[in-house]
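Novice: One letter stands for each residue in the lines below.
2 protein chains.
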Amino acid sequence: MSHALSPGDDIGAYMAQLGQAARQASTVMRRTNTGCKNAALLAMARHLEAARPTLVEANARDLERGRASGLDAALLDRLELNESRIDAMIEGLEQVASLPDPVGEIDGLRSRPSGIQVGQMRVPLGVIGIIYESRPNVTVEAASLCLKSGNACILRGGSEARESNAAIAACITRGLIEAGLPEAAVQVVATTDREAVGHLISMPEYVDVIIPRGGKSLIERVSREAKVPVIKHLDGVCHVYVDASADLDKALAIAVNAKTHRYGTCNTMETLLLDAPVADELLPRLAAAYAEHGVELRGCERTCQLLPDVTVASEADWAAEYLAPVLAVRVVDGIDEAIEHIERYGSHHTDAIVTESYTLSRRFLAEVDSSSVMVNASTRFADGFEYGLGAEIGISTDKLHARGPVGLEGLTTRKYIVLGDGHVRR
Amino acid sequence: MSHALSPGDDIGAYMAQLGQAARQASTVMRRTNTGCKNAALLAMARHLEAARPTLVEANARDLERGRASGLDAALLDRLELNESRIDAMIEGLEQVASLPDPVGEIDGLRSRPSGIQVGQMRVPLGVIGIIYESRPNVTVEAASLCLKSGNACILRGGSEARESNAAIAACITRGLIEAGLPEAAVQVVATTDREAVGHLISMPEYVDVIIPRGGKSLIERVSREAKVPVIKHLDGVCHVYVDASADLDKALAIAVNAKTHRYGTCNTMETLLLDAPVADELLPRLAAAYAEHGVELRGCERTCQLLPDVTVASEADWAAEYLAPVLAVRVVDGIDEAIEHIERYGSHHTDAIVTESYTLSRRFLAEVDSSSVMVNASTRFADGFEYGLGAEIGISTDKLHARGPVGLEGLTTRKYIVLGDGHVRR
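Sequence lines, in order, name chains A and B.
Residue numbers in the first sequence follow the numbering used here, run continuously in steps of one, and reach 426 at the last position.
Residue numbers in the second sequence follow the numbering used here, run continuously in steps of one, and reach 426 at the last position.
One should not assume that every hint holds.
It does not matter which identical chain is used: a pair holds within one copy or between any two.
Claimed, not checked - Capping the alpha-carbon separation at 30 Å, the derived lysine-lysine pairs in DSS-like fashion look like this:
1) Lys227 <-> Lys250
2) Lys250 <-> Lys216
3) Lys232 <-> Lys250
4) Lys216 <-> Lys227
5) Lys216 <-> Lys232
Rather than coming from a laboratory, the hints here were simulated on the basis of the structure.
Note that the structure is a prediction, hence the values are computed from the model and not measured.
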């Protein structure tokens, strides 16, 4: 029941053991059928259900230690595992079990003039390393998505959640064993030594990709030091551009929703761009709506002429990811200036245009180089659930491999398959 | 007509200028329509045709300098631009012009319960840096694929081909100008200083991906030092496994073709695995066929018992990419041992099974973790042209992003698009 490997003094040797075991497990996972993977997910859900008291107790010890060491209220909130969060973990497992299995899907199988048939088959990446911070429910989310996509994974959670993560890991292991899968298909790193991360990101022989989930400094450190490919999720400096051709009621609804639906998420609008001809009419209506929500505005000169009470934005405001009830507002002259602004200051995450113009909607979709580009919709829709991926492991701001919300498909790759009948090349 | 930027003493400043110009050009290329891109490709072809004498003269100077500096015959052959190679460059441009444009393709546009429609749009990567060695025709191949896929590119050829590359670059530039495209859409680095490569692979703000084409040492150096994602193409240690269920005539044809069709290519078979029950019958027939082609065999103990003249293979032979008329041969006990051998010694490039068994063909396809996996076909088919990509920029041995032959699609990425009608998130 307990994990075979335990960390000793030599963290490097321990991590290499985990890596080796994961690599071996990945060759089993690769050929595990959908039914068996789903059985493991549902068994994990049952074991979490049965372990509720244990989970809450383990989490209480983490919370106590956190409080004693002075963690702030926001961090303590993210660390907490209460009954409703355990419900959510269990529902998450059931939901991932119900998603279609991407592995084995064959695309574009076509006959070639030589007589061979060529197509692409979707296959697991292999071993995925995930590094995350305080939220212990990530342990279940990450494990379930990696398992369903046929990968083995090595999970490194935050030290503040170590007892909660160990209790969750025990349920995951029981589920794997019950379904007849290798325990090493999901391994939770059992040391809080920071050195472990350094090893995890430097073992290309055992780990195929690293996904860091957490603050900017974690992601930047991992990206800088990794010797393994990284799927990363950096800032969301998202824009809504309201063109002169917009329906102003839609513009108002979208601009308010994109800012105020939630402040701390990466798909929240941080800068609003208004086309000059509609600024006069729209700005006062927007200002009133934002005032109601307690959103502070920082404006360009032209904004401040129309709204004298607004603070003048500095250069830094245009590139800021506030994650707070603050919004930068700029009046621009048409779509070209808007796209230039987005190109210069944006983070290529999610940007939207509000317009009734067919031509401008097509231009914006084609020319804005962001992971999600929207017409007449709130940036808050940029999310794996809203997009129908079922669940997401993060939102990639990379261009290669996976871009935007990363679901099961982003945890797979496609290899070519060739079917012949004794064919040789002439 | 001539390029605006020229390298001075400060290679770093020069490369940053190229990068900045490329980034700017990429925003134009991204929105350039198919007709205009094709017009540029065909204009380049016409300018190459008109410049034949100039190209041959420039190449003669490269060849002369190469001979004087003692380049070996193989390198001099790759460096040579004769009339038939110029024909091939011109045909290549015409062929890329005739390929479908991947940019703008929208996949899977579906309505979501919230009312938005979500899909994925194929878009250029942005700026691609390509580093290659002696063959000057790569300049045209790389430029044409990057252009057709809507990217700007920075090309760094080998110093031994510098005059040839400059002459080709002049034709490319004329073609761009004629089609009204920015000259900086294709830039050939005009210095042979090795420092230039170091800068090219360290400018993530200007370059989105690096593709090294050349020997293993070049690719390893670039991968190790790059601060930009690299699409790489490493060794091809390819296998053919002949199962006991094989049709032995097909097995013989495939095993001979996979080894002898060409020796120096990455998709050439380097190790042949024979299932024990058919080794007795097949080995003597194979040995005779290989002897005819002058292929030297290195065998496992069981092979050497059946063919006493064969040299015993060392451990190094199992991992060797010979690129020569040499073949390692091993007798194994069934598909499991074959897959284990491929997993342990292979390079995840291209591996084939010969079998008449439905079940074993499905297992091999699912379980062998290589960029191309084949049933009853020669490994030599692993090639962009044979797969119908029209052309290839290389064969990726990476798992992320592009795997296997990389054509136009591999030079693009997909972003999410969201179409709404004033939709906000509840």
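Novice: Identify every previously stated hint that the structure contradicts and give their numbers, smallest first.
Specialist: 1, 2, 3
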